[in-house]
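Visitor: Just so you know, the protein sequences line up as chains G and U, in that order. With numbering that gives the first Met the number 0, the residue at position 237 of the first sequence is 236, and numbering never jumps. With numbering that gives the first Met the number 0, the residue at position 433 of the second sequence is 432, and numbering never jumps.
It cannot be assumed that every hint is accurate.
To be verified - Pairwise CB distance ranges, derived in the manner of DEER restraints:
#  : chain 1 : residue 1 : chain 2 : residue 2 : range
1  : G       : Arg62     : U       : Arg235    : 56 to 62 Å
2  : U       : Arg99     : G       : Glu77     : 56 to 62 Å
3  : G       : Thr535    : U       : Asp130    : 14 to 20 Å
4  : G       : Arg412    : U       : Asp519    : 35 to 41 Å
5  : G       : Arg123    : U       : Pro449    : 31 to 37 Å
6  : U       : Thr73     : G       : Asp437    : 19 to 25 Å
7  : U       : Asp519    : G       : Gly92     : 38 to 44 Å
8  : U       : Ala96     : G       : Arg62     : 53 to 59 Å
9  : U       : Asp319    : G       : Arg62     : 30 to 36 Å
10 : U       : Thr144    : G       : Thr523    : 20 to 26 Å
11 : G       : Arg412    : U       : Asp22     : 52 to 58 Å
12 : G       : Gly358    : U       : Asp130    : 54 to 60 Å
13 : G       : Glu77     : U       : Asp519    : 33 to 39 Å
14 : G       : Thr287    : U       : Asp53     : 50 to 56 Å
Since the hints were made in silico from the structure, they are not lab data. Quick reminder that beta carbons are idealized off the backbone N, C-alpha and C, glycines included.
Residues per chain, in single letters:
There are 2 protein chains.
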Amino acid sequence: MISRLGQVSSNGTEMDYYPVLIDGAWRRARARSIFRAVNPATGEELPGDYPLSDFADIEDAVRAGRGAALEMMTAAPESLADYLELLGERIGGATEALARMAARETGLPLDPRLRLVEIPRMIRQLRLAADAARDRSWCRATIDTQADIRSKYAPLGGPVVVFGPNNFPFACNALGGTDFAAAIAVGNPVIAKAHPYHPGTTRLLAEIAFGCLEKSGLPPAAVQLIYHMQPEDGLRCVAHPMLGAFAFTGSRPAALALKAAADKAGKPAYIETSSLNPVFLLPGALKTRAEEAADELFASCTQGAGQFCTKPGLIVFIADPAGFAFFKVLRSRFQGSQPGVLLGRSVLEGIETALAAMGNAGAEVVVGGKRVGATGFRFENTLLHITGESFLRNPAPLQQEAFGAVSLCVLCRNEDEMLGIAAVLEGNLASSIYSHEDGADEALYQRLEPVLRIKVGRLLNDRVPTGITVTASMVHGGPYPATGHPGFSSFGAPISFYRFAALHGYDRVRRHRLPPELQDRNPTGKMWRLIDGEWTRKNIERPEERQA
Amino acid sequence: MISRLGQVSSNGTEMDYYPVLIDGAWRRARARSIFRAVNPATGEELPGDYPLSDFADIEDAVRAGRGAALEMMTAAPESLADYLELLGERIGGATEALARMAARETGLPLDPRLRLVEIPRMIRQLRLAADAARDRSWCRATIDTQADIRSKYAPLGGPVVVFGPNNFPFACNALGGTDFAAAIAVGNPVIAKAHPYHPGTTRLLAEIAFGCLEKSGLPPAAVQLIYHMQPEDGLRCVAHPMLGAFAFTGSRPAALALKAAADKAGKPAYIETSSLNPVFLLPGALKTRAEEAADELFASCTQGAGQFCTKPGLIVFIADPAGFAFFKVLRSRFQGSQPGVLLGRSVLEGIETALAAMGNAGAEVVVGGKRVGATGFRFENTLLHITGESFLRNPAPLQQEAFGAVSLCVLCRNEDEMLGIAAVLEGNLASSIYSHEDGADEALYQRLEPVLRIKVGRLLNDRVPTGITVTASMVHGGPYPATGHPGFSSFGAPISFYRFAALHGYDRVRRHRLPPELQDRNPTGKMWRLIDGEWTRKNIERPEERQA
Numbered sequence: 000m001i002s003r004l005g006q007v008s009s010n011g012t013e014m015d016y017y018p019v020l021i022d023g024a025w026r027r028a029r030a031r032s033i034f035r036a037v038n039p040a041t042g043e044e045l046p047g048d049y050p051l052s053d054f055a056d057i058e059d060a061v062r063a064g065r066g067a068a069l070e071m072m073t074a075a076p077e078s079l080a081d082y083l084e085l086l087g088e089r090i091g092g093a094t095e096a097l098a099r100m101a102a103r104e105t106g107l108p109l110d111p112r113l114r115l116v117e118i119p120r121m122i123r124q125l126r127l128a129a130d131a132a133r134d135r136s137w138c139r140a141t142i143d144t145q146a147d148i149r150s151k152y153a154p155l156g157g158p159v160v161v162f163g164p165n166n167f168p169f170a171c172n173a174l175g176g177t178d179f180a181a182a183i184a185v186g187n188p189v190i191a192k193a194h195p196y197h198p199g200t201t202r203l204l205a206e207i208a209f210g211c212l213e214k215s216g217l218p219p220a221a222v223q224l225i226y227h228m229q230p231e232d233g234l235r236c237v238a239h240p241m242l243g244a245f246a247f248t249g250s251r252p253a254a255l256a257l258k259a260a261a262d263k264a265g266k267p268a269y270i271e272t273s274s275l276n277p278v279f280l281l282p283g284a285l286k287t288r289a290e291e292a293a294d295e296l297f298a299s300c301t302q303g304a305g306q307f308c309t310k311p312g313l314i315v316f317i318a319d320p321a322g323f324a325f326f327k328v329l330r331s332r333f334q335g336s337q338p339g340v341l342l343g344r345s346v347l348e349g350i351e352t353a354l355a356a357m358g359n360a361g362a363e364v365v366v367g368g369k370r371v372g373a374t375g376f377r378f379e380n381t382l383l384h385i386t387g388e389s390f391l392r393n394p395a396p397l398q399q400e401a402f403g404a405v406s407l408c409v410l411c412r413n414e415d416e417m418l419g420i421a422a423v424l425e426g427n428l429a430s431s432i433y434s435h436e437d438g439a440d441e442a443l444y445q446r447l448e449p450v451l452r453i454k455v456g457r458l459l460n461d462r463v464p465t466g467i468t469v470t471a472s473m474v475h476g477g478p479y480p481a482t483g484h485p486g487f488s489s490f491g492a493p494i495s496f497y498r499f500a501a502l503h504g505y506d507r508v509r510r511h512r513l514p515p516e517l518q519d520r521n522p523t524g525k526m527w528r529l530i531d532g533e534w535t536r537k538n539i540e541r542p543e544e545r546q547a
Numbered sequence: 000m001i002s003r004l005g006q007v008s009s010n011g012t013e014m015d016y017y018p019v020l021i022d023g024a025w026r027r028a029r030a031r032s033i034f035r036a037v038n039p040a041t042g043e044e045l046p047g048d049y050p051l052s053d054f055a056d057i058e059d060a061v062r063a064g065r066g067a068a069l070e071m072m073t074a075a076p077e078s079l080a081d082y083l084e085l086l087g088e089r090i091g092g093a094t095e096a097l098a099r100m101a102a103r104e105t106g107l108p109l110d111p112r113l114r115l116v117e118i119p120r121m122i123r124q125l126r127l128a129a130d131a132a133r134d135r136s137w138c139r140a141t142i143d144t145q146a147d148i149r150s151k152y153a154p155l156g157g158p159v160v161v162f163g164p165n166n167f168p169f170a171c172n173a174l175g176g177t178d179f180a181a182a183i184a185v186g187n188p189v190i191a192k193a194h195p196y197h198p199g200t201t202r203l204l205a206e207i208a209f210g211c212l213e214k215s216g217l218p219p220a221a222v223q224l225i226y227h228m229q230p231e232d233g234l235r236c237v238a239h240p241m242l243g244a245f246a247f248t249g250s251r252p253a254a255l256a257l258k259a260a261a262d263k264a265g266k267p268a269y270i271e272t273s274s275l276n277p278v279f280l281l282p283g284a285l286k287t288r289a290e291e292a293a294d295e296l297f298a299s300c301t302q303g304a305g306q307f308c309t310k311p312g313l314i315v316f317i318a319d320p321a322g323f324a325f326f327k328v329l330r331s332r333f334q335g336s337q338p339g340v341l342l343g344r345s346v347l348e349g350i351e352t353a354l355a356a357m358g359n360a361g362a363e364v365v366v367g368g369k370r371v372g373a374t375g376f377r378f379e380n381t382l383l384h385i386t387g388e389s390f391l392r393n394p395a396p397l398q399q400e401a402f403g404a405v406s407l408c409v410l411c412r413n414e415d416e417m418l419g420i421a422a423v424l425e426g427n428l429a430s431s432i433y434s435h436e437d438g439a440d441e442a443l444y445q446r447l448e449p450v451l452r453i454k455v456g457r458l459l460n461d462r463v464p465t466g467i468t469v470t471a472s473m474v475h476g477g478p479y480p481a482t483g484h485p486g487f488s489s490f491g492a493p494i495s496f497y498r499f500a501a502l503h504g505y506d507r508v509r510r511h512r513l514p515p516e517l518q519d520r521n522p523t524g525k526m527w528r529l530i531d532g533e534w535t536r537k538n539i540e541r542p543e544e545r546q547a
């Protein structure tokens with residue numbers, strides 16, 4: 000164990016709390032206050048005090064991060080790849096301790112979720128990012144030989160601050176999750192801001208990640224950890240002149256405040272916030288497989304207690320006999336179903352706030368709608384419904400995300416009303432259209448798709464939006480308010496890398512001074528480069544050199 | 000001539016002013032006021048009244064633009080390419096009238112600048128954008144065949160508003176310039192906001208551009224024109240929920256206000272504002288070619304009366320004998336040189352404001368520094384100097400862009416001071432390092448380059464930053480405040496397209512419903528696609544289909 004308890008006198012009493020990782024050392028935080036994680040299954044505090052840092056800690060971390068960033072500008076991609084791989088291996092070796100800590104802090108099931116699904120996915124993400132870093136093709140080396148102008152994507156030259164979300168303590172952890180992997184693969188240092196719901200998990204990950212740095216030859220400040228900060232210090236942090244960029248996954252008000260601060264300072268800001276991931280069930284699909292669709296949607300809505308960013312929060316269909324039959328089955332699946340443990344008190348309260356707003360806007364609860372139990376954080380699996388007409392009268396509050404096992408069914412009078420719903424949707428991460436196996440729904444699909452297409456990053460057919468395959472082609476992004484920019488993705492290697500990259504042009508720079516990826520010789524013999532409009536793995540050969 | 004004079008009664012009098020182009024028709028503006036262009040060579044108003052639109056015009060244009068955007072989502076890339084090519088051809092045919100109008104409105108020389116350089120460059124940009132649109136490789140179709148997940152870049156689904164700059168009435172005109180070409184090539188409609196210094200040039204371009212729409216099969220609202228709007232209506236415009244994105248090139252305060260409004264609304268914002276484009280002259284270079292460098296820098300500083308976004312506004316060198324000799328030659332080139340005509344009154348006043356700020360921060364005028372003549376807008380070609388030490392004491396005001404033939408020489412005591420200057424620089428579009436032909440400056444170059452690299456989009460060797468070759472590899476971008484995001488470029492096809500594109504994912508969408516670029520068959524047989532990690536022009540062939 001690298002962690003040590005720091006000693007500090009505050010208010011005249013001695014307090015012990017975990018140190019932060021800044022500038023290559025575990026050191027005592029300049030703490031404004033301390034906090035503890037809470038076991039959401041019981042509502043009780045877990046042992047272990049964690050500091051809420053003063054801005055002095057953040058300032059130190061950003062400055063050290065800038066130093067590390069300058070060193071990493073010229074780091075060999077192999078070092079970055081080795082690091083990510085080693086980290087994945089060691090996380091694999093520590094699975095038991097990590098999963099147990101996370102289970103206590105998040106209430107998520109040890110099996111299969113944490114031990115068999117999420118940690119393996121985290122390791123796979125790290126390996127894919129490592130592969131892409133080693134391959135180097137991601138940097139899109141572009142060379143025009145006649146003009147001798149060359150360009151590539153490169154690190155930002157400043158640290159990336161990652162604010163981790165509450166819901167994926169491994170796959171999306173600020174320390175080792177998808178944003179972390181992308182930022183490091185590009186060659187940026189990371190300052191991880193732990194989610195205060197799972198500081199212990201993040202601490203264990205940071206110990207592993209810090210331990211891997213030296214062996215890979217990365218600078219000691221390439222990975223830093225701060226547990227918590229005041230909201231106003233977060234705003235100062237993301238606007239810091241030495242920062243590279245920030246990524247935040249979480250609630251909309253916090254995301255927008257951070258984005259505004261970074262935007263004002265001209266820093267790239269990546270937020271991922273609410274998404275309803277609407278599912279449209281076309282009439283033909285419901286005629287032939289209403290029960291199957293209801294089963295899939297129920298499972299998708301309640302998976303992880305509904306705390307997935309791709310949970311279907313809106314289910315839209317036509318109120319014909321098949322639609323009513325589907326609705327009846329879906330209702331029966333929700334009825335009497337066992338609620339999961341929510342990640343924390345704010346999640347529980349957020350659901351209540353969202354339900355109140357939806358209720359005021361005319362949605363009615365069909366199943367659920369109440370807290371469960373006196374201890375811990377649980378909420379009934381909740382299904383609501385509303386007519387399409389009522390939805391169209393007041394679409395904004397009905398699109399407030401209820402982050403939990405809550406879904407709103409919109410019963411439309413006809414196809415035009417369904418198209419109207421699609422037209423008033425805000426931006427979403429994903430949306431799915433279920434249609435008849437043969438051509439029965441094709442005409443409606445062809446009318447609906449163009450309206451929906453511009454509202455979502457990822458479009459699916461005949462399946463629920465939860466479940467993300469981490470591939471090069473995956474899109475986990477979308478128009479505002481799902482994210483802050485529709486041209487990026489936060490999953491998938493290397494597509495997720497571009498959030499943390501700057502475009503570097505070299506205009507007739509002497510050849511020996513070019514970065515390896517832009518020199519005439521292909522540095523790996525395998526990386527793809529766009530030379531004179533052709534993607535190729537070849538070297539550039541010059542006639543005058545061939546003669547020499 | 001398509002333009003007609005509208006009739007409106009305002010304040011009881013009849014006024015005639017040019018109509019705006021909204022929703023496929025030249026129509027009378029809801030004008031809040033009217034304005035005229037000014038001949039900057041004389042300071043006199045030019046004939047022709049133009050409207051400053053009320054927000055009602057903007058609202059109509061954005062709504063019509065959204066309608067056109069939905070139509071254009073599925074436009075064949077060939078239509079977009081045909082359109083851009085036809086536009087280039089017709090602009091070529093109208094060169095004479097266009098160049099004469101622009102010369103009157105901007106004071107820029109007819110020859111070679113407008114007729115022989117800028118209009119041909121505009122046409123070349125349109126052709127290159129057309130080629131890239133037709134080729135389709137720019138959309139980076141990415142396909143993972145095993146998972147059956149596919150993605151590509153696509154239009155935004157809303158109009159792009161382009162606010163054109165004052166300095167390139169053709170190459171960067173909101174109507175037909177580089178932003179316009181990129182937005183249309185992707186498949187987005189454009190709402191051009193003319194620069195009020197050259198409304199007549201923009202009107203003529205709009206007449207040509209509107210006339211080309213029908214033949215290419217694009218919707219009538221694919222191109223719209225508004226001449227002017229109030230600043231607060233600009234803020235409402237860029238935050239409009241139906242907007243795709245906006246691009247603005249111009250002054251920093253206006254750029255930042257627009258960006259903040261768009262950022263808050265979650266709309267992609269592309270600003271290009273001030274840049275000093277610092278040139279570092281290393282000691283060995285000055286020993287061998289001080290005179291040559293001085294000639295090049297003088298020409299670069301005064302080209303287009305210094306009103307280039309890549310003008311070298313900062314010249315940094317060591318105050319050794321060779322440095323002083325260079326400085327003396329540069330000074331002699333500025334002395335007695337003929338000032339050009341500035342684009343308008345605000346440019347003249349901007350230079351005076353910037354010079355005052357630089358003077359307060361310790362810079363001294365060596366040559367120039369005053370207005371010229373009683374009529375029209377001219378300012379002496381101006382050279383300032385300051386010591387490195389003084390620069391480092393107060394770097395912010397000394398980095399205020401003086402948009403004109405103004406350049407500040409920074410005389411450094413030694414190499415470390417030069418590195419210190421690089422370290423405090425803000426973001427820039429370009430920077431150049433002059434070094435000795437052989438290895439004499441190599442050690443200093445290797446220390447300077449990493450510090451400078453993260454501050455600029457485009458790095459040059461041994462040449463001035465003005466003069467941009469429009470290629471696939473060109474980078475015209477850079478960190479804030481040069482632009483709002485270091486990962487984009489506003490010149491170069493197709494690299495400039497990505498500003499106006501959304502990432503669209505298709506997760507197991509039925510094959511016949513995929514856009515042509517993502518279907519198994521390569522739609523052109525030539526476009527590059529990334530299939531299972533390999534860039535290829537081949538079709539996807541499936542074993543089961545080969546057997547069938």
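Visitor: Please go over all the hints and tell whether each is borne out by the structure.
Guide: Status of the hints after comparison with the structure:
1. One distance hint, 56 to 62 Å for the beta-carbon pair G/Arg62 and U/Arg235, is violated here, with the actual separation near 40 Å.
2. About 60 Å separates the C-beta atoms of U/Arg99 and G/Glu77, a value consistent with the hinted range of 56 to 62 Å.
3. Distance hint check for G/Thr535 and U/Asp130: the Cβ-Cβ separation is about 19 Å, which falls inside the suggested range of 14 to 20 Å.
4. A beta carbon spacing of about 39 Å between G/Arg412 and U/Asp519 agrees with the range 35 to 41 Å that was offered as a hint.
5. Look at G/Arg123 against U/Pro449: about 34 Å separates their beta carbons, and that is inside 31 to 37 Å.
6. About 24 Å separates the C-beta atoms of U/Thr73 and G/Asp437, a value consistent with the hinted range of 19 to 25 Å.
7. Evaluation of the 38 to 44 Å hint for U/Asp519 and G/Gly92 yields a pass: the beta carbon distance comes to about 42 Å.
8. For U/Ala96 paired with G/Arg62, a C-beta distance near 58 Å keeps the hint of 53 to 59 Å intact.
9. A C-beta distance of roughly 33 Å is found between U/Asp319 and G/Arg62, which places it inside the suggested range of 30 to 36 Å.
10. Distance hint for U/Thr144 and G/Thr523: a CB-CB separation of about 24 Å, consistent with the stated range 20 to 26 Å.
11. Here the CB-CB span from G/Arg412 to U/Asp22 is close to 31 Å, at odds with the stated 52 to 58 Å.
12. Between G/Gly358 and U/Asp130 the beta carbon distance is about 56 Å. The supplied range of 54 to 60 Å therefore holds.
13. The hinted window of 33 to 39 Å between G/Glu77 and U/Asp519 holds, with their beta carbons roughly 36 Å apart.
14. Between G/Thr287 and U/Asp53 the C-beta distance comes to about 54 Å, which sits within the given range of 50 to 56 Å.
Violated hints, in rising order: 1 and 11; the structure is consistent with all others.
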